[in-house]
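Single-letter residue listing:
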Amino acid sequence: MKDTLEKIRLNTLESLKNAEDEAAIDAINLAVFGKNGSLTEILKGMGKLSKEERAAVGQLVNGVKKELEKELNERKAEIAAKMQELRFAKEAIDVTEPGKISMPEGHLHPMTQTYREIRDALVGMGFTTYEGPEVEYDDYNFTKLNLPLDHPARDMQDTFYVNDKVVLRTHTSPLEARALLNLKPPFRLIMPGRVFRVDEVDASHSPVFMQMEGFVVDKDLTLADLKGTLLTFIHAVFGEDVKMRFRPSYFPFTEPSAEVDVSCTLCGGKGCRLCKGTGWLEILGSGVTNPHELENCGLDPKEWKAFAFGLGVDRIASLKYGITDIRLEYENDARFLKQF
Amino acid sequence: MKLPLKWLKEYVDFNVTPEKFVELMMWRGFEIADIEDEMPGISNVVVGRIEKIEQHPNADKLKICTLNIGAEENLIIITGASNVFEGALVPVAVDGAALAGGVVIHPTVMRGVESFGMLCSGQELGLTEADYPGAEVYGILILQEDHPLGQTIQEAVGLNDIVFDIELTPNRADCISIIGMCREAAAALGQKFVEPAIKQVAGEGDAKDYASVQVMDTDLCPRYIGRVVKDIKIAPSPAWMQKKLRSVGLRPINNIVDITNYVMIEYGQPMHAFDFSCITDGQIIVRRGNEGEVVKTLDGKERTVSPNVLLIADPARGVGIAGVMGGENSEITEGTNTVFFESAVFKGSNIRHTTRELHHVTDASARFVKGVEPVNTQLAIDRAIELVAELGAGTVIGGNIDVCAADISERVINVDWKHVNHILNTDISAEDMVKMLDTLNISAKVEGDVLVVTVPHYRVDIESSIESDWDIAEEIARVYGYYNIEPTLMQGDTFRGCLSPETRHEDQVKDMCVAMGCYEMYNYNFTGPAALNALRITEDDEKYLAVKLMNPFGEDQSLMRTTLMAGMLNTVALNCNRKTGHGRFFEVGNVHLNNNPDLPEERKMLGLIFTGAEENFFTLKGVIEYLFRKLGMADRAEYVPGGSQFFQPGQKALIKVDGQVIGEMGAVHPETRKAFGVPQAAYAAELSVKKLFELRENGKTYKAIPKYPTVPRDIAVVVDECVTSAQVAAAIKAAPVKVLLENVELFDVYRGTGIPEGKKSMAYSYTVRAEDRTLTDEDITDAMNTIIRTLKETLNADLRA
Numbered sequence: 001m002k003d004t005l006e007k008i009r010l011n012t013l014e015s016l017k018n019a020e021d022e023a024a025i026d027a028i029n030l031a032v033f034g035k036n037g038s039l040t041e042i043l044k045g046m047g048k049l050s051k052e053e054r055a056a057v058g059q060l061v062n063g064v065k066k067e068l069e070k071e072l073n074e075r076k077a078e079i080a081a082k083m084q085e086l087r088f089a090k091e092a093i094d095v096t097e098p099g100k101i102s103m104p105e106g107h108l109h110p111m112t113q114t115y116r117e118i119r120d121a122l123v124g125m126g127f128t129t130y131e132g133p134e135v136e137y138d139d140y141n142f143t144k145l146n147l148p149l150d151h152p153a154r155d156m157q158d159t160f161y162v163n164d165k166v167v168l169r170t171h172t173s174p175l176e177a178r179a180l181l182n183l184k185p186p187f188r189l190i191m192p193g194r195v196f197r198v199d200e201v202d203a204s205h206s207p208v209f210m211q212m213e214g215f216v217v218d219k220d221l222t223l224a225d226l227k228g229t230l231l232t233f234i235h236a237v238f239g240e241d242v243k244m245r246f247r248p249s250y251f252p253f254t255e256p257s258a259e260v261d262v263s264c265t266l267c268g269g270k271g272c273r274l275c276k277g278t279g280w281l282e283i284l285g286s287g288v289t290n291p292h293e294l295e296n297c298g299l300d301p302k303e304w305k306a307f308a309f310g311l312g313v314d315r316i317a318s319l320k321y322g323i324t325d326i327r328l329e330y331e332n333d334a335r336f337l338k339q340f
Numbered sequence: 001m002k003l004p005l006k007w008l009k010e011y012v013d014f015n016v017t018p019e020k021f022v023e024l025m026m027w028r029g030f031e032i033a034d035i036e037d038e039m040p041g042i043s044n045v046v047v048g049r050i051e052k053i054e055q056h057p058n059a060d061k062l063k064i065c066t067l068n069i070g071a072e073e074n075l076i077i078i079t080g081a082s083n084v085f086e087g088a089l090v091p092v093a094v095d096g097a098a099l100a101g102g103v104v105i106h107p108t109v110m111r112g113v114e115s116f117g118m119l120c121s122g123q124e125l126g127l128t129e130a131d132y133p134g135a136e137v138y139g140i141l142i143l144q145e146d147h148p149l150g151q152t153i154q155e156a157v158g159l160n161d162i163v164f165d166i167e168l169t170p171n172r173a174d175c176i177s178i179i180g181m182c183r184e185a186a187a188a189l190g191q192k193f194v195e196p197a198i199k200q201v202a203g204e205g206d207a208k209d210y211a212s213v214q215v216m217d218t219d220l221c222p223r224y225i226g227r228v229v230k231d232i233k234i235a236p237s238p239a240w241m242q243k244k245l246r247s248v249g250l251r252p253i254n255n256i257v258d259i260t261n262y263v264m265i266e267y268g269q270p271m272h273a274f275d276f277s278c279i280t281d282g283q284i285i286v287r288r289g290n291e292g293e294v295v296k297t298l299d300g301k302e303r304t305v306s307p308n309v310l311l312i313a314d315p316a317r318g319v320g321i322a323g324v325m326g327g328e329n330s331e332i333t334e335g336t337n338t339v340f341f342e343s344a345v346f347k348g349s350n351i352r353h354t355t356r357e358l359h360h361v362t363d364a365s366a367r368f369v370k371g372v373e374p375v376n377t378q379l380a381i382d383r384a385i386e387l388v389a390e391l392g393a394g395t396v397i398g399g400n401i402d403v404c405a406a407d408i409s410e411r412v413i414n415v416d417w418k419h420v421n422h423i424l425n426t427d428i429s430a431e432d433m434v435k436m437l438d439t440l441n442i443s444a445k446v447e448g449d450v451l452v453v454t455v456p457h458y459r460v461d462i463e464s465s466i467e468s469d470w471d472i473a474e475e476i477a478r479v480y481g482y483y484n485i486e487p488t489l490m491q492g493d494t495f496r497g498c499l500s501p502e503t504r505h506e507d508q509v510k511d512m513c514v515a516m517g518c519y520e521m522y523n524y525n526f527t528g529p530a531a532l533n534a535l536r537i538t539e540d541d542e543k544y545l546a547v548k549l550m551n552p553f554g555e556d557q558s559l560m561r562t563t564l565m566a567g568m569l570n571t572v573a574l575n576c577n578r579k580t581g582h583g584r585f586f587e588v589g590n591v592h593l594n595n596n597p598d599l600p601e602e603r604k605m606l607g608l609i610f611t612g613a614e615e616n617f618f619t620l621k622g623v624i625e626y627l628f629r630k631l632g633m634a635d636r637a638e639y640v641p642g643g644s645q646f647f648q649p650g651q652k653a654l655i656k657v658d659g660q661v662i663g664e665m666g667a668v669h670p671e672t673r674k675a676f677g678v679p680q681a682a683y684a685a686e687l688s689v690k691k692l693f694e695l696r697e698n699g700k701t702y703k704a705i706p707k708y709p710t711v712p713r714d715i716a717v718v719v720d721e722c723v724t725s726a727q728v729a730a731a732i733k734a735a736p737v738k739v740l741l742e743n744v745e746l747f748d749v750y751r752g753t754g755i756p757e758g759k760k761s762m763a764y765s766y767t768v769r770a771e772d773r774t775l776t777d778e779d780i781t782d783a784m785n786t787i788i789r790t791l792k793e794t795l796n797a798d799l800r801a
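Just so you know, the protein sequences line up as chains A and B, in that order.
If you read the first sequence in our numbering, its first letter stands for residue 1, the second for the next number, and so on.
If you read the second sequence in our numbering, its first letter stands for residue 1, the second for the next number, and so on.
No lab work stands behind these hints: they were computed from the structure.
None of the values given here were measured: they were computed from a predicted structure.
By construction, the Cβ of each residue, glycine as well, lies at the ideal position given by its N, Cα and C atoms.
Check each hint, because a few of them may be wrong.
[Claimed, not checked] Dumping the calculated PhoX-like pairs for lysine-lysine here, alpha-carbon to alpha-carbon at most 25 Å: (1) B/630 <-> B/703; (2) B/418 <-> B/435; (3) B/418 <-> A/302; (4) A/276 <-> B/604; (5) B/548 <-> A/165; (6) B/445 <-> A/302; (7) A/276 <-> B/20; (8) B/579 <-> A/338; (9) B/621 <-> A/338; (10) A/270 <-> B/20; (11) A/243 <-> B/445; (12) B/630 <-> A/165; (13) B/690 <-> B/543; (14) A/100 <-> B/621; (15) B/6 <-> B/20; (16) A/7 <-> A/100; (17) A/165 <-> B/604; (18) A/48 <-> A/2; (19) B/579 <-> A/100; (20) B/445 <-> A/219.
[To be verified] Simulated DEER-style distance windows between Cβ atoms: (21) A/117 <-> B/240: 42 to 48 Å; (22) B/240 <-> A/339: 57 to 63 Å; (23) B/137 <-> A/322: 44 to 50 Å; (24) B/113 <-> A/278: 45 to 51 Å; (25) A/117 <-> B/137: 58 to 64 Å; (26) A/274 <-> B/113: 30 to 36 Å; (27) A/278 <-> B/697: 50 to 56 Å.
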């Protein structure tokens, strides 16, 4: 009996060692511990033994049983781990293959993205958006802004006319007149929109382009406030490192007037092709609102002050993204649009 | 405005580099676009004398020249030009020389003989006849005067200066003159500008005995001054004058014409000289043209004028077009004996109209348009007469003939100097302001709070109006330095910065389109009749009412768009033709309808266009439904067959929300597609951004999440072909079930085997649930039976077997 037991033990251990998969383990389990298993047979035969023998043999059999059970479970876990490893190897993928999405991504036009960026900087400074019509009264586009009929500066902006009294707005400034006539000051406005000039299309000109104007009306505004506002704004849009140059200029609707340059975004001010060697890029025109404009729109220029600044969104987008030909912005080639 | 450095140096001590000068002027509001060499890009070209000319042994047309350029050894240079001769002084491009157009010269072997440079033509040096006589002659430029051998060509032709090209702002017409620019330059350099003294020439006799001037329209000609000079000796003007004229791009003609041009450059006042013998009865009449009157101008062109055009005339005929160009009939010629000089102010706006009417702009007209000033008119003619005397060009007759309706009295304005400080946020004392203004030759004195300013006659930009304080503030700021203005933050009320609800809405709509895979387009607002025609828009369509431009670029850009369709189709055509591989685009833009006598109606539209193998009516509709879900209007939307002619019949729908039409969509009509060059099917929609804004759901209210299970069920029914999906869905939703019936959705339409001809099977899914309990099988079956019964009753629908 003892020998038989030892034989079972050795045979089983040997079989376990040779088992390669879970099925083999299950077969061994059945052959040893099953209903007619070798160990089960031995346990069945114990009834024939004497009480003393039964206790001794029982202890022996239990010892073997425990040992074999343990070995079997261990081998089973080992095989399971190995099988999983094999499965993982089989399921391994090329992680460098491209990902998949059900919907291809869309793109906002670079001009919209630039506009939003500029606009949001101003919203943070207390400005609110204000819009108006593209087809506009000559009166609002020019006369109210201190550009009466036959003013020589009207030639600065070649105008598309609909009739004697109606034009395609040449700038967003008619919104200044609309705001002054319709809103109660004080206010701070962002006035975006398309504007139109009789300009033949080329790499840097377009008869249609997008302008954005800032307009503030309050009691005690000064040229210094305009400069400070622009400095804050420019740092928000172009970064804190950018330098600003605020220099005298002329616009009929402002006085004093200023043009604003920023240090070249490409070379940082050392001089390059983009800034034509000057180190500076002209980005906007501005000034203290001309008292005639305030008066024309029913405000007392001694009581109220205003300032305004306007920039071409197309131009800022071109500078920001290094777009060298403005025509690309109105052509809508998908290979252009998807870059932004 | 071109300012030659040499000319500037006559008025200021130029003690800075040209680059520093550019910066100083920039801080004064004068942008210098360029510092030009008078001969840009030309280097290493020197004066040489041709010592010997030999025939090239191997080429008939080539000559071998021996050139003496003042160096130890002579140079051998081969030329093909025929106008060279021994002893001629010519420009010699030596090894490494740079010529016009970026050409660089190196020794080269020509037909077996080495040439060590090149003889240059005027053209190769970038010279015109105005720069140097003979420059446009075919062949080598033969230098006229004696020059040291080896001298640079720049010095030889007198073009060795630099010229500042200044971009003037329209308010400073006084600076379109050397004197005006030098005033500002002196101030920028911190120097006092001394007004040049003009020597008055008394002359003999009285001009009034010779000539008379009558101005019929003083509003168009506020001042007209004439002087007479007799015994004219027409001759070339002196070299110094010719050189100066050339340096600003003018071509010397003769002493009299050159004087008028010189004064125009120097003082900014255009002048004209008439051959006085051609003026009938010596009477100058400034009058409007007669309808259809013809004046032959100096350039030989016959110009038909109208009463809008001001003429200089004599009793018999027009002798010039005021402010634009003189007449050929009174032109200065070799035989001119007596000259009538004109210095006048013509109204800028009228000259502007004239140049537009005649399609002709001249140096003179451009200056009149920008504005000339009546005191300067007198200075200019005095200067011209001074030059006549200086050049010995004739005998000056005494006295002006001056017809003056303009106010030429001294202008004094009162400025609130504290207000000036307020505008600039500065703290400058009144006394300092006086000093600052003095640097600009503006005299002022302090009287308490008031600065009494005497405005120089040439500063017409400084107004006597409410603007005075601002005008002087600007002058003070220019002197004080914009760079010295300390930036400040705005004081006063705080403001809540925000996007207007409309702007936010537009942002959201654009972002939704992007989320649906669309690229954003920007198309021009212009369109034309051909495009409207291609869109099959007819007179009965409101989109036919386009706003028409008076001065468009061309017929195809003569209208403002009434629909976004044309631009969208152009975009799709471009992308198809270039095979860019993307077929979903959107645009938010305005269209205009000319349906209003005042301003046209402006509508902000959202346009969507899809093309490509995977796209169809329903992929586009899916995106619109997505937008509507996001905007909380999906349940209120309906799609009614119909829409514009640019859509294909049977595949187009008007889109309604709450019963209002807010847009339309459809398959683009094949004929329209063809006209725009779109090679494949395309689907487009146009929706009113404003209506979407008005009808969108603002603010949401939380609804409790169901506590009891929701049970999904499907049902398929067979209906007549004419029954629409919307009808079936509506019937299901309307079925009088006792449970909550939700999520009714079509998931399949089937025609074919098992379904009778003229019928179709439509399969819907839906869910049922109850608020207060778990549904029993009986509840669920009962609901389905109710739905089936309702469909049978309303649409004669049968459950699909």
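Here is what the structure says about each hint:
1. About 17 Å separates the Cα atoms of residue 630 of chain B and residue 703 of chain B, which keeps this hinted pair within 25 Å; it holds.
2. At roughly 16 Å between alpha-carbon atoms, residue 418 of chain B and residue 435 of chain B fall within 25 Å of each other, so this suggested pair holds.
3. Annotation: proposed proximity of residue 418 of chain B to residue 302 of chain A holds, straight-line Cα distance about 12 Å (limit 25 Å).
4. For the hint pairing residue 276 of chain A with residue 604 of chain B, the CA-to-CA distance comes to about 39 Å; that exceeds 25 Å, so the pair is violated.
5. With a CA separation close to 13 Å, the supplied pair residue 548 of chain B and residue 165 of chain A stays within the 25 Å bound.
6. Restraint check for residue 445 of chain B and residue 302 of chain A: the C-alpha separation of about 23 Å stays at or below 25 Å, so the hint holds.
7. Only pairs whose Cα atoms come within 25 Å are accepted, and residue 276 of chain A paired with residue 20 of chain B is accepted, the gap being roughly 17 Å.
8. Of the pairs offered as hints, the one joining residue 579 of chain B and residue 338 of chain A holds, with about 14 Å between alpha carbons and a cut-off of 25 Å not exceeded.
9. Our distance criterion of 25 Å between C-alpha atoms is met by residue 621 of chain B and residue 338 of chain A, whose separation comes to about 23 Å.
10. For the proposed pair residue 270 of chain A and residue 20 of chain B, the alpha carbon gap of about 16 Å is at most 25 Å, so the pair holds.
11. For the suggested pair residue 243 of chain A and residue 445 of chain B, the alpha carbons sit about 39 Å apart, so the restraint of at most 25 Å is broken.
12. The suggested pairing of residue 630 of chain B with residue 165 of chain A is violated, with an alpha-carbon distance near 42 Å, which exceeds 25 Å.
13. Only pairs whose Cα atoms come within 25 Å are accepted, and residue 690 of chain B paired with residue 543 of chain B is accepted, the gap being roughly 18 Å.
14. Between the alpha carbons of residue 100 of chain A and residue 621 of chain B the distance comes to roughly 24 Å, so the proposed pair stays at or under 25 Å and holds.
15. Restraint check for residue 6 of chain B and residue 20 of chain B: satisfied, since their Cα atoms lie roughly 17 Å apart, inside the 25 Å limit.
16. The straight-line distance between the Cα atoms of residue 7 of chain A and residue 100 of chain A is roughly 60 Å, outside the 25 Å bound, and the hint therefore fails.
17. For a cut-off of 25 Å, the pair hint linking residue 165 of chain A to residue 604 of chain B stands: about 23 Å separates their Cα positions.
18. Restraint check: the Cα-Cα separation between residue 48 of chain A and residue 2 of chain A comes to about 15 Å, which is no more than 25 Å; the hinted pair holds.
19. Among the hinted pairs, residue 579 of chain B with residue 100 of chain A is consistent with the structure: their alpha-carbon atoms are about 22 Å apart, no more than 25 Å.
20. Proximity of residue 445 of chain B to residue 219 of chain A is assessed by CA-CA distance (about 29 Å); at most 25 Å being required, the pair is judged violated.
21. Remark: the range hint 42 to 48 Å for residue 117 of chain A to residue 240 of chain B is contradicted by a beta-carbon distance near 57 Å.
22. Distance hint check: the CB atoms of residue 240 of chain B and residue 339 of chain A are about 59 Å apart, consistent with the given range 57 to 63 Å.
23. Between residue 137 of chain B and residue 322 of chain A the beta carbons are some 47 Å apart, a value that agrees with the proposed interval 44 to 50 Å.
24. Between residue 113 of chain B and residue 278 of chain A the beta carbons are some 48 Å apart, a value that agrees with the proposed interval 45 to 51 Å.
25. The hint said 58 to 64 Å for the Cβ distance between residue 117 of chain A and residue 137 of chain B, and at roughly 59 Å that hint holds.
26. For the pair residue 274 of chain A and residue 113 of chain B, the beta carbons lie near 48 Å from each other, so the given range of 30 to 36 Å is not met.
27. One distance hint, 50 to 56 Å for the beta-carbon pair residue 278 of chain A and residue 697 of chain B, holds here, with the actual separation near 53 Å.
Taken one by one, the earlier hints fail for this structure at numbers 4, 11, 12, 16, 20, 21 and 26, listed in ascending order.
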